[in-house]
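For chain A, the structure is supplied; the task is to place chain B on it using the hints.
Number of protein chains: 2
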Amino acid sequence: MSANQDRLAQQMAFIIEADKLKNIFRQSYISDESRRENDAEHSWHLALMAITLYEHANDPDLDLLKILRMVIIHDIVEIDAGDTYIYDEEHKQDQALREQQAADRLFGMLPEDQAKSFRADWDEFEAGESPEARFSKAIDRLHPMLLNYLAGGKTWNKHGVVATQVHAINQKIGRGSDTLWAYAQDLIQKSISEGILPAK
Amino acid sequence: MSANQDRLAQQMAFIIEADKLKNIFRQSYISDESRRENDAEHSWHLALMAITLYEHANDPDLDLLKILRMVIIHDIVEIDAGDTYIYDEEHKQDQALREQQAADRLFGMLPEDQAKSFRADWDEFEAGESPEARFSKAIDRLHPMLLNYLAGGKTWNKHGVVATQVHAINQKIGRGSDTLWAYAQDLIQKSISEGILPAK
Chain A
1 MSANQDRLAQ QMAFIIEADK LKNIFRQSYI SDESRRENDA EHSWHLALMA
51 ITLYEHANDP DLDLLKILRM VIIHDIVEID AGDTYIYDEE HKQDQALREQ
101 QAADRLFGML PEDQAKSFRA DWDEFEAGES PEARFSKAID RLHPMLLNYL
151 AGGKTWNKHG VVATQVHAIN QKIGRGSDTL WAYAQDLIQK SISEGILPAK
Chain B
1 MSANQDRLAQ QMAFIIEADK LKNIFRQSYI SDESRRENDA EHSWHLALMA
51 ITLYEHANDP DLDLLKILRM VIIHDIVEID AGDTYIYDEE HKQDQALREQ
101 QAADRLFGML PEDQAKSFRA DWDEFEAGES PEARFSKAID RLHPMLLNYL
151 AGGKTWNKHG VVATQVHAIN QKIGRGSDTL WAYAQDLIQK SISEGILPAK
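From first to last, the protein sequence lines stand for chains A and B.
One point on numbering: in my numbering, the residue at position 77 of the first sequence is 77, and numbering is uninterrupted.
One point on numbering: in my numbering, the residue at position 151 of the second sequence is 151, and numbering is uninterrupted.
If you're looking for bench data, these hints aren't it; they were derived computationally from the structure.
Glycine included, each C-beta is placed from N, C-alpha and C at the ideal position.
Worth double-checking, as some hints may not be accurate.
As the list claims (entries may be wrong) - DEER-style ranges, computed between Cβ atoms: (1) A/G128 - B/A13: 25 to 33 Å; (2) A/S34 - B/H91: 23 to 31 Å; (3) B/A13 - A/A127: 29 to 37 Å; (4) A/P60 - B/Q95: 34 to 42 Å; (5) A/L65 - B/E129: 36 to 44 Å; (6) A/D59 - B/A13: 20 to 28 Å; (7) B/A120 - A/D104: 39 to 47 Å; (8) A/G82 - B/N157: 29 to 37 Å; (9) B/G108 - A/Q95: 37 to 45 Å; (10) A/Q171 - B/E17: 22 to 30 Å; (11) A/G195 - B/Q95: 38 to 46 Å; (12) A/E17 - B/E17: 28 to 36 Å; (13) B/D63 - A/N4: 43 to 51 Å.
Isolated chain A (complex conformation) (with noise of 0.2 Å):
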């Protein structure tokens, strides 16, 4: 086998083992009620509110290109470490250490610059401080308040969830997005409002 086509059986194995992706299911649900989503649907929708709303980021010179690379990858350690409930403070506690050995696995299964630049953009992700990051994540927390909106309030009355705790978890938003974060307080008031979010 010659080193490229080592190179492109490495790369092929990681993009099969990825498939798996579509095998891990969040708490939210899609719009339309019918079941919960899976982390690859989850990714796709980020990617597209990336590339949809990146105008409006708190820092105006945002790399589009690195924002799509961590968002696409953002969530395939789940295969390995399972999806965490935002508001879980106990599986949260060993979450960290889960996902680090995940992704040592998976992105160790490609050609080694191409692990190491991939694991760089999550780690990247992880630590939520570059502008690309925090906006990254701004979209990460948005996206499933949305669905959950939409969803008529479905996850956060299954879990007992209230207005103040998804305030509290969500105000982060503005560090990526004030204006995203504006609109993240409007449909927090209008599930209030319209009684599928308790206040407190």
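Showing chain B alone in chain A's frame:
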């Protein structure tokens, strides 16, 4: 409502409408054969293939951001037009018209400047002439072949598709990447050897 809020409202309406892509099911099964794949998952998997494999494109100077913009939106028209199976000659007759009308409605939900740029990306993908469109179409063809191979030829067998058809339909992969077309031809040979795809 301010001009900026009005703009955001149009963008969010488009993003919400796009959620319907999660209910457009393709002929391909996901690799564990448990169910058919939907267009949102497929689009995410293509984006992952793009960032992993674009080094194998025939043209070394590809614009990866352009490729990602195209693959993220390439199937959105199927919300209105439905999925047309690539071996279904009857429904391919009016596919172009159905998809043009869908593009008018769906991209037309966006603010005018974005409606134009999303439509231009989609038109470029459909035309399949630019280096970025040729590569995007190459992975769009390779992806279902790969899933079909992993799922034991399930969809090929269901529709009575034989290797000569798979070869004829997919040889355009070589317009985007000779390396990926060589890989695809190996997949066809392996599928014949393993008895999951009749030679003719």
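Here is what the structure says about each hint:
1. Between A/G128 and B/A13 the CB atoms are about 28 Å apart, so this pair conforms to the stated range of 25 to 33 Å.
2. Under the hint 23 to 31 Å, the C-beta atoms of A/S34 and B/H91, about 25 Å apart, fit the expected range.
3. Between B/A13 and A/A127 the Cβ separation comes to about 33 Å, which falls inside the hinted range of 29 to 37 Å.
4. The hinted window of 34 to 42 Å between A/P60 and B/Q95 holds, with their beta carbons roughly 40 Å apart.
5. Roughly 23 Å separates the CB atoms of A/L65 and B/E129, a value that falls outside the hinted 36 to 44 Å.
6. Look at A/D59 against B/A13: about 25 Å separates their beta carbons, and that is inside 20 to 28 Å.
7. Between B/A120 and A/D104 the C-beta distance comes to about 41 Å, which sits within the given range of 39 to 47 Å.
8. The given range of 29 to 37 Å is respected by A/G82 and B/N157, whose C-beta atoms sit roughly 34 Å from each other.
9. The hint said 37 to 45 Å for the Cβ distance between B/G108 and A/Q95, and at roughly 42 Å that hint holds.
10. In this structure the hint that A/Q171 and B/E17 lie 22 to 30 Å apart at CB holds, the actual value being about 28 Å.
11. Range check, A/G195 to B/Q95: about 44 Å between beta-carbon atoms, so the 38 to 46 Å window is met.
12. For the pair A/E17 and B/E17, the supplied restraint of 28 to 36 Å holds, since their beta-carbon distance comes to about 32 Å.
13. A C-beta distance of roughly 23 Å is found between B/D63 and A/N4, which places it outside the suggested range of 43 to 51 Å.
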